[in-house]
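The opening position of the sequence shown corresponds to residue 1462 in the numbering used here, with each subsequent residue numbered one higher.
Hints should not be assumed to be uniformly reliable.
[Unchecked claim] Straight-line distance between alpha carbons at most 20 angstroms, and here's what the computed EDC-like set of lysine to aspartate or glutamate pairs gives: (1) LYS1600 with ASP1470; (2) LYS1600 with ASP1486; (3) LYS1600 with GLU1632; (4) LYS1600 with GLU1617; (5) LYS1600 with ASP1584.
Since the hints were derived computationally from the structure, they do not count as laboratory data.
All values reported here derive from a predicted model rather than from experimental measurement.
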Amino acid sequence: PVYEQLTADEAELLEAISDQLIPADELGPGAVAAGAVRYIDRALGGALRDSHTAYRTGLAAFDRYCRASRGAPFRELSHVDQVSGLIDVETGAATGARTGFATSSGAFFAMLRSHVLQGTFGDPYYGGNQDFVGWDLIKYPGVRTAVWPRLQTQLEAGELMPNRRSAYDSENFEKAVVRNGTKETYHGD
């Protein structure tokens, strides 16, 4: 994939992290198949543009931490070391001058985790949840503007056919568009 905001190295690292947070397994595809990184990259040029520097510095700090504490970049670590590295970042144990996490590594992890969840399970309009894999994973039947008792009964019985479309495919919803000071229009949420 071609990324607009992330470098190739940043995108590869973010994919590896995303794959640990929501892995593909016997239940179905994970964050990588859902396009969570594409969602984040796209949002960093729009609604999440204020987080761009946090991603750039946080991803670099995380890889430095893995090299210093585990002897290799995150992508080259074993599954166990990847998970323990993520736990260190989540709990704030990776914070400090040695790693470059000037602020809490836990705050970086919380931001990143939130965005991976958004990219995996959010409305496909925003660039993630490709082919509705996130919705399928959680058995979300799709956007409905009204739910009658008959539909609720079908849903509870597992008989409701999925509605595979973005909320923005309906005239009832408006796409969020943001204008900045340069009169440039970009995607917002």
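Requested in this report: Against the structure, test the hints numbered earlier, and report the numbers of the ones violated in rising order.
Outcome: 1 and 3
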